[in-house]
Amino acid sequence: MGNTTLEGSRVSKRLGPGLYFLLGALAFFLLVQVLLMLGVINNFWRGIIFWGAAITIVALGLNLIYGFNGQFSLGQYGFYAIGAYASADITYRWTREDPSALVVVLLGVLLVLLFYIAVNALLRRFYGITVMTRFTAYLLATILAFFIAVRFLLPITGSLVWNMLNLLPKAISQQVVFFLALVGGAALAGIASFLFGIPVLELGSDYFGISTLGFTIIIKVLLDNTDTILPFAEMKGARGMVGIPRWTTWPWVFFSLVLVILIMRNLLHSSVGRSIVSVREDERAAQLVGIDVAYAKILAFVVGSVFAGLAGGIRAHDLAFLHPQSFNFIQSFNPLIIVIFGGLSSMTGTVVTGFLWIVLLEGALRLWLPQGFETWRFVVYPLILLLMMLLRPEGLFGKYEIGFLRQSLPAPWKKPEDTHEEASSVEPAKTRTSKEVAG
Amino acid sequence: MKGRPDSLSPEVEEHPVVLEVESVTHFFGNLRAVHNFDIVLRHGELVGLIGPNGAGKTTVFNLITGVYRASKGSIRFRGAELVGLPSHEIIQMGIARTFQNIRLFSDLSVLDNVRIAYHPHAGYNLLDSVLRTPRFYEKEAEMTRRAQEFLDIFGLVERQNDIAGSLPYGLQRRLEIARALAAQPRLLILDEPAAGMNPQEIDQLLDLINFIRDRFNLTILLVEHRMRLVMNVCEWITVMDFGEVIARGLPEEVRSNPGVVEAYLGRQAVVLR
Chain D
1 MGNTTLEGSR VSKRLGPGLY FLLGALAFFL LVQVLLMLGV INNFWRGIIF WGAAITIVAL
61 GLNLIYGFNG QFSLGQYGFY AIGAYASADI TYRWTREDPS ALVVVLLGVL LVLLFYIAVN
121 ALLRRFYGIT VMTRFTAYLL ATILAFFIAV RFLLPITGSL VWNMLNLLPK AISQQVVFFL
181 ALVGGAALAG IASFLFGIPV LELGSDYFGI STLGFTIIIK VLLDNTDTIL PFAEMKGARG
241 MVGIPRWTTW PWVFFSLVLV ILIMRNLLHS SVGRSIVSVR EDERAAQLVG IDVAYAKILA
301 FVVGSVFAGL AGGIRAHDLA FLHPQSFNFI QSFNPLIIVI FGGLSSMTGT VVTGFLWIVL
361 LEGALRLWLP QGFETWRFVV YPLILLLMML LRPEGLFGKY EIGFLRQSLP APWKKPEDTH
421 EEASSVEPAK TRTSKEVAG
Chain G
1001 MKGRPDSLSP EVEEHPVVLE VESVTHFFGN LRAVHNFDIV LRHGELVGLI GPNGAGKTTV
1061 FNLITGVYRA SKGSIRFRGA ELVGLPSHEI IQMGIARTFQ NIRLFSDLSV LDNVRIAYHP
1121 HAGYNLLDSV LRTPRFYEKE AEMTRRAQEF LDIFGLVERQ NDIAGSLPYG LQRRLEIARA
1181 LAAQPRLLIL DEPAAGMNPQ EIDQLLDLIN FIRDRFNLTI LLVEHRMRLV MNVCEWITVM
1241 DFGEVIARGL PEEVRSNPGV VEAYLGRQAV VLR
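Order-wise, the sequence lines are chains D and G. Counting in my numbering, the first sequence runs without a single skipped number right up to 439 at its last residue. Counting in my numbering, the second sequence runs without a single skipped number right up to 1273 at its last residue.
Hint data in this document are derived by calculation from the structure and do not stem from the laboratory. Where a beta carbon is used, it is the ideal one built from N, C-alpha and C, also for glycine. Worth double-checking, as some hints may not be accurate.
[Claimed, not checked] Which stretches of chain D does chain G cover? Using the computed rule of at least three CB atoms under 8 Å from a CB of chain G, they are:
#1 260-268
#2 321-327
[Claimed, not checked] From the derived model, a few chain G residues whose C-beta atoms are all more than 10 Å from chain D:
#3 D1006
#4 L1008
#5 P1016
#6 R1069
#7 F1099
#8 Y1118
#9 D1128
#10 M1143
#11 A1183
#12 N1217
#13 M1227
#14 W1236
#15 V1245
#16 S1256
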């Protein structure tokens, strides 16, 4: 009899962190959902929460790139903007009975993936290919793919897709289109980051940072001129894009965030994740234990940027208005500050700080500070930042993670005897102390 | 044979060739760091590469492991050409190396340091890890078990959860060698493993080198300053100076070679003898 309780406790120990995470997340989801339905959370706070989630997703992506892979990126708002504008354009045109953006983005992305596989197989056959050749090959493949999508696939499939999706009831087809728009926006951000990353990730971290800053500026300038130098009249350039359907709901926001956290956690606590972290630790050493450093860097950068693109889509369909100014390069420091504030390479820290950042800066302080004093927010937070760097430079959470995000547990269906990996998980508290000893 | 001393026993000469470096030359700008360097290693040998500071020993290592691309010449590992391949592919073919100044992943645990070296043999892909398929759990557990077995061999298993950077120097060197061997290489290149060690640690290192050679059935190329270490463990030695081979032979031959003494101690020393 005693055996069963022992086994029971072992089971709870094994499933514990995952179970708590699941229950906690579910409770949070239901709480907000109920409060939203009861109207306790008004439109202002609803916007704040959604915004917080979007920023958190961007910051998580940056944490993957900077915190875990050691590449200092200031370009995340560029990818955020790509995701926002692309998905907004898809739904904007869809609601005006034009499926072209949807078809071009999705089929284009699929073609691009196919072409990339082909280019990769082709480049593999040659040794000593320079970075710029590689970049050019992929760039040409991308251009060709989208050219084919616009020129040949759109006329064939456009009306077909429109008719097929409209066979569904309107409420459902709308959700499907929104889903596809989010996927499309995120995928475009991923493609952009892949192309941009090939030549630039070869640079050291600081130089990479400057280049990504340049990328954000390019995107901002392009967005300012979408109706003049780019053929997107509906984006209305520097006047801002209006008329985006307001489709973002709490379930979309919440499940996107959870999905991002899950993907990132599963990725990091695997062999691939360890190879990503090893690049941060010592690039040369990683290379000489057989890690493909370029691949690890590109992977982290693309995944992080896909997250940013997804966040962009969510934000765009909540705000229903996009303006290039909100994707300014100054703004692109926000996720960086969040990541450092929360603790580099702490997902927990990023999530908490991401929400805190928006809730305090854009929510609470905006309401609490007397009229005309809102600007003081931007005196208060830099001061907090200064104090933080002086008193706790490792960030709010250091390297702390909640249990669920901490380790790769043994398979949930495994017998409790196999506790190899539980023993091998590194306790974060220990991590810090031994590091201090080493320092 | 080119790249080998003449005085080796014919029995040794029958072993298969593992590494064949043929007239490799490398320039840094206009500086010729390595000139017409040859060396041929046969299976199971332990060969020393010595020379005064700046002789080009580490450059040779970097050329073999693809950190630099040789300006001229050819490097073959078990028949396959290495020049032009990226480092990680060369390593995955079965060459491992350690560094002059220890380069561990110092913020990660001892276990993770070894598991990272297993990455090319992980046996599951990105999708498995994101979706947490049964294969992920199976291979991950296997990987951890193998890494722990490995740490056990090197007496590091009790410290598997320690942060690598917090280990004492001798253990860090040991861990670095363990990490290099984790991927089961055929050829191990040790770059000044005794740098910064006291005599007692050097003795332990000697034991360790002999041990891993027997245990893992390896070919070892050793760069070293410490004559004691080189003379004790190496079967034959190549001496470099100013990027060129100045002597090649058994330890006692090299020790009495006037050119080597000159390179190490200067012309005066030769006269004084």
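Hint-by-hint comparison with the structure:
no.	hint	result
1	260-268	holds (count 3)
2	321-327	violated (count 0)
3	D1006	holds (34 Å)
4	L1008	holds (30 Å)
5	P1016	holds (23 Å)
6	R1069	violated (7 Å)
7	F1099	violated (7 Å)
8	Y1118	violated (7 Å)
9	D1128	violated (8 Å)
10	M1143	violated (7 Å)
11	A1183	violated (6 Å)
12	N1217	holds (20 Å)
13	M1227	holds (27 Å)
14	W1236	holds (26 Å)
15	V1245	holds (25 Å)
16	S1256	holds (36 Å)
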